[in-house]
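Number of protein chains: 2
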Amino acid sequence: MSRLEITAPDGAPEVEPGDDLVAIVLLMASLADGDVLVVTSKVVSKAEGRLRTGTREEALPGETARVVARRGETMIVRNHLGLTMAAAGIDNSNVPQGQIVLLPEDPDASARGLRDGLLDRTGVNVGVVVSDTAGRAWREGQTDIAIGAAGIVVAEDFAGRRDGYGNELAVTLPAVADELAGAAELATGKLGGRPFAVVRGRADLVLPRGEHGRGAAALVRPDGADLFGYGAREAVVRALRAEVADQRPFGAPASPTELSAAVRDVVGLVPSHTGAADGALLVTCPRGLMRALTALTFAHGWMVHTTDHPNEVRLRPSSG
Amino acid sequence: MSRLEITAPDGAPEVEPGDDLVAIVLLMASLADGDVLVVTSKVVSKAEGRLRTGTREEALPGETARVVARRGETMIVRNHLGLTMAAAGIDNSNVPQGQIVLLPEDPDASARGLRDGLLDRTGVNVGVVVSDTAGRAWREGQTDIAIGAAGIVVAEDFAGRRDGYGNELAVTLPAVADELAGAAELATGKLGGRPFAVVRGRADLVLPRGEHGRGAAALVRPDGADLFGYGAREAVVRALRAEVADQRPFGAPASPTELSAAVRDVVGLVPSHTGAADGALLVTCPRGLMRALTALTFAHGWMVHTTDHPNEVRLRPSSG
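Heads up: the sequence lines are chains A and B, in that order. With full-length UniProt numbering as the guide, the letters of the first sequence map in order to residues 1 to 320. With full-length UniProt numbering as the guide, the letters of the second sequence map in order to residues 1 to 320.
Partial chain B-side listing against chain A, Cβ under 7 Å, derived: (1) Glu5; (2) Asp10; (3) Gln97; (4) Thr143; (5) Leu169; (6) Leu173; (7) Pro174; (8) Leu219; (9) Phe228.
According to the in silico footprint, chain A covers these stretches of chain B (three or more CB under 8 Å from chain A): (10) 129 to 142; (11) 185 to 195.
If we take Cβ atoms under 7 Å as the criterion, some of the chain A residues that face chain B in the derived model are: (12) Ile6; (13) Pro9; (14) Thr84; (15) Asn94; (16) Gly141; (17) Gln142; (18) Ala155; (19) Asp163; (20) Gly164; (21) Ala175; (22) Lys190; (23) Arg233; (24) Ala235; (25) Ala292.
Hint data in this document are derived by calculation from the structure and do not stem from the laboratory. Owing to the predicted nature of the structure, the values given are computational and were not obtained by experimental measurement. All C-beta atoms in this analysis are idealised placements derived from N, C-alpha and C, irrespective of residue type, glycine included.
Make a model of the complete structure from these sequences and hints.
So, in structure tokens, the structure goes:
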């Protein structure tokens, strides 16, 4: 039997900038070796003085690395931590009216600070997760995810492991830090007053003293490696711009065969293979289709290069 | 103090088509009113005879409603349940070699069957979640989500609720059924042998006897309402096709002002407002830009209509 227990103490004091979170945690929770402490980013931010006067809209530009999708009032951005969130994760709940709270500047560092503090003062070896609430593609509602972590395995790597039938496991990377954050949210809730939860029963995920692990940053898919790094509308706008200064791709470049098929299918032109090592293709393209060809080529992680012949262009993978 | 307990019993028997899952659950788990039983879809599928001989690739076309993104060997599709998953959720782990398992045909119905069966035989009122493992946009790794549910609140609706400071809550819909599935995965694991978990401590989420609730289908964002319903590359290909037979939009139509700004910005043309009630715009478009304008218009949820003037087109919202 596998057994987990999640407890979230009531009655946490109001946290102010500069407060000693380690002391507050020790006051409220009883911790044992192998526990995972899940702390909402809200309370970490408050202790770290990340409250600001103003609105989410005013704070958004400073928190935004790039816009992912925009629709009416909704702005989904990738923030400086690499997190894709509505309004960059800036929140205005459970803070005084007229104020907002920014995410911790480095939530993995915040988690390390808590882990080290707890270890120094009590000798107890706990993993720490800093959680925040995020929407998802494809599904309604939000779940809590790990935006910071220290001293825990954030994803269990089963690559190459086999099940009882001898099959290699198809799902190889359960993101357990996110599941811990979501499980903790079931105990802490959204109405304030329970910013901490302790998960007991997965001591196997907690790293030895002195090891912090890869942190929650390891759960962020690198920009340019994501197939959903732009909203569908934004992807089209981006590809159709005559010059895309920002070379961040929509995932890895397509194979020459894939691009060739797309060019035939979408703009009705037939590329020829040059035999070059980088897979370069040649296309004769009427002027009227040049923008569409360029957009299509860009979307496949390739670039259009001019040649000496006015209507002939060479297509090459962007990395080439 | 809020307290949750999650237990996953070891040593479940191998489930065969036609097996009585209710009896197996009762044999393994001790249930109380207000518990949530989380069952992996795998074991539900096995009991429902959803095993097939063959490979995931062979079964994929039958399970696919439409392709969302494709990259090399990876195929992310929306399946007939509306779930966006790699390989449509077809799995080949924890099944005999050479076989695959399809998702339950109607996981909400499977969940209702379990809930009703447990109620009938023991009088116990439990919520039921059928879980499966899914990748996410933007984040590495996978988490378990709820693909079926009965007798539980799948998302807590806090719309209009206020925090202790009087702020309206910005995050209004915690997807608790997904968090329950993820929490259960921490206890059941991926190596087989623990297909059931019981979550105790959120009886407030369990509905009264006789009520099944909206089911996990309520967590599926409707097709055409999702900003990430297509991979970035696929969105470009789709918009650039001269004729898009499939009118499924990339979210709600843009406002006339938004589309007008995009047309100016991307193709350098200046639309004029017609004053029509549907916000229709007129654009004079050289032939060479027509395909780009059409793609851009489509991406904004609008359509291009010809007029009596050869180079003039009228743009109208698709719904209009």
